[in-house]
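Undergrad: Read off the chains here:
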Amino acid sequence: MSATISLIFIGVAVLFIIGIKFLSSPKTARIGNLVAAAGMLIALFALHTPDGISVWTAGWTLNYTLITIGIVIGLVIGAIGAYSVKMTAMPQMVALFNGLGGGAAALVASLEFLRGVQGRNTVTAFITVPMLFATLIGSLSFSGSIIAYLKLQGKFEKPITFPGQNILNGFILLLILALCGWLAFNATIPVAATGFIVMFSLALFFGIAMVMPIGGADMPVVISLLNSFTGLAVAADGFAINNTAMVVAGTLVGSSGTLLTLLMCKAMNRPVTNVLFGAFGSAGGSKAVAGAVAGTVKPVQADEAALLLAYAQRVVVVPGYGMAVAQAQHQVRELSDELGKHGVEVQFAIHPVAGRMPGHMNVLLAEANVPYDQLVEMDQINPSMDRVDVCLVIGANDVVNPAAREEKSSPIYGMPIIEADRCKSTIVMKRSMAAGFAGIENHLFYKDNTRMLFGDAKNSLQALITAVKEN
Amino acid sequence: MDTNIIFIFILSIFVGFEVISKVPSMLHTPLMSGTNAIHGIILFGGILVLADASSLLAQGLGFVAVIFGSANVVGGFMVTDRMLQMFKKKK
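For the record, the sequence lines run as chains H and L. My numbering numbers the first residue of the first sequence as 1 and each following residue consecutively. My numbering numbers the first residue of the second sequence as 472 and each following residue consecutively.
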């Protein structure tokens with residue numbers, strides 16, 4: 001590789017680092033994304049084979065035609081996916097793209113490995129170990145991401161668990177690792193191809209088995225983890241085919257993704273092991289909690305709720321996944337504007353993990369043009385919750401459940417919540433009395449000063465807006 | 472194997488950790504999505520293995536890898552940009 005090409009790739013690595021750095025601050029995030037994309041484009045044009053031959057000037061054969069067609073198909077799929085997806089379905093889309101990356105990483109490693117088996121490459125354990133690692137991690141990231149996608153789409157949202165599951169999964173993982181260990185040193189014999197295919201299939205299955213027992217509410221953490229996995233698989237592929245740019249980019253994603261996963265768990269106040277192996281809300285735990293509810297549910301009509309809101313001094317809105325599902329963010333903004341005309345001070349309390357992804361609510365409210373300064377983070381709003389006249393909870397459940405503070409036996413005990421139960425009164429907008437994603441009862445709904453406004457969030461909000469206008 | 476690549480690997484681990492040490496929770500999703508796009512660099516791996524694939528199987532699998540990688544890069548950056556568009560400051 002010539003010095004010029006090396007310098008170009010150093011520049012590309014710097015662009016990736018700056019891109020990630022910029023992405024972690026609200027002011028520069030959008031530029032950061034573009035910087036990283038520019039890095040990718042430059043690297044693509046400078047792409048060389050390990051022998052130092054530019055990929056783009058090596059002459060057009062059938063394979064180059066295939067490469068071009070493949071890139072164009074991927075481009076179309078990616079662009080259509082990215083632009084047609086609704087804001088509420090963003091998390092699923094990220095999971096899907098991550099799965100594709102993982103699948104690609106596994107395929108690249110597989111091809112390299114099978115070439116080794118056919119004796120066309122010199123193979124040592126230094127090369128086979130990264131290949132096997134990339135295949136294992138890439139394929140489990142692929143199948144795991146697909147399951148995460150389906151769970152967020154509402155298919156088998158509830159954790160699927162059975163006794164001895166962790167032991168069975170552990171056994172499968174051991175089997176995979178043993179197979180990998182054997183393959184690493186026997187890559188050149190013909191039977192290795194069969195062993196490799198068995199290992200590949202087991203890894204695909206393991207990805208499914210790993211994500212299945214995890215509840216839909218924890219999918220953001222799972223996607224983030226699988227994202228860092230894919231990064232590591234890409235880095236391992238970089239080792240195997242001796243491409244520095246892939247090692248740098250993959251490793252950056254692997255390590256920053258690991259840290260991001262831990263930060264997300266911290267926002268929920270749960271250790272990552274609890275998310276992955278805890279099988280949230282399964283077995284006995286939830287039943288014990290469900291029985292302990294005291295008080296009655298008090299429904300309210302939109303007219304009365306509107307009166308409460310219009311004559312309050314300070315209203316705090318707590319949005320949750322219900323708002324996202326009903327696509328009600330524009331109605332929320334409209335209601336907030338109407339209340340503003342009545343002289344009511346309206347704020348939005350944003351829980352870090354409300355919705356299906358951290359930051360989900362910020363994105364939706366920003367889409368509806370809710371001003372930045374009206375959005376308040378959980379830690380800032382909690383100390384003043386006593387002085388809030390009405391807390392309007394729109395399709396949020398677990399993030400306002402006082403059990404997180406009060407009940408040691410609750411599966412969400414210790415999770416920081418928005419303390420809606422401390423407000424002077426609370427109006428909860430909800431479709432039904434069904435439990436939230438964590439599958440547990442919410443005592444907030446039974447408190448004396450809580451009123452339930454049942455129905456689809458969009459329709460209820462429309463009724464509230466009309467009623468507030470009349471007052 | 473070139474040992475320089477191991478140095479680069481180790482340093483990249485530390486850089487990845489350092490670079491996002493302070494990130495507000497509202498940016499967790501865009502950041503995840505942005506890094507998701509960056510690992511789409513696996514597209515290069517797909518291109519390189521497809522470039523000298525000779526058997527029909529290798530061509531087929533390499534072709535799929537290129538499609539996947541390309542969709543990962545393009546979709547990843549685009550979906551991140553769409554998310555971040557929403558963060559425009561209101562004047």
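Just so you know, the hints here were simulated from the structure itself, not pulled from any lab data. Keep in mind it's a predicted model, so treat the numbers as computed, not measured. For each residue, glycine too, the CB sits at the ideal point set by N, CA and C. The reader is advised that the hints may include incorrect statements.
Stated by the list, open to error - Derived DSSO-like pairs: lysine-lysine, alpha-carbon spacing no greater than 30 Å straight-line:
hint, chain 1, residue 1, chain 2, residue 2
1, H, Lys266, L, Lys493
2, H, Lys27, L, Lys493
3, L, Lys493, H, Lys155
4, H, Lys447, H, Lys298
Claimed, not checked - Interface residues of chain L toward chain H, partial, derived using beta-carbon atoms under 7 Å:
hint, residue
5, Gly505
6, Gly531
7, Met554
Undergrad: Each hint should be assessed against the structure and marked as holding or not.
TA: Results of checking the hints against the structure:
Pair hint Lys266 of chain H plus Lys493 of chain L holds up; C-alpha atoms about 13 Å apart against a cutoff of 30 Å. Restraint check for Lys27 of chain H and Lys493 of chain L: satisfied, since their Cα atoms lie roughly 14 Å apart, inside the 30 Å limit. Taking the CA atoms of Lys493 of chain L and Lys155 of chain H, the gap is about 35 Å. The hint is violated against a cut of 30 Å. Distance check on the hinted pair: Lys447 of chain H and Lys298 of chain H sit about 9 Å apart at the alpha-carbon level, within 30 Å; holds.
With a cut of 7 Å, the hint placing Gly505 of chain L at the interface with chain H holds, because the nearest CB-to-CB distance is about 5 Å. Taking 7 Å as the C-beta cut-off, the interface hint given for Gly531 of chain L is violated, the closest approach to chain H being about 9 Å. For Met554 of chain L, the interface hint holds, since its Cβ comes within 7 Å of a Cβ in chain H; the closest pair sits about 6 Å apart.
Consistency with the previously given hints fails for numbers 3 and 6, ordered from lowest to highest.
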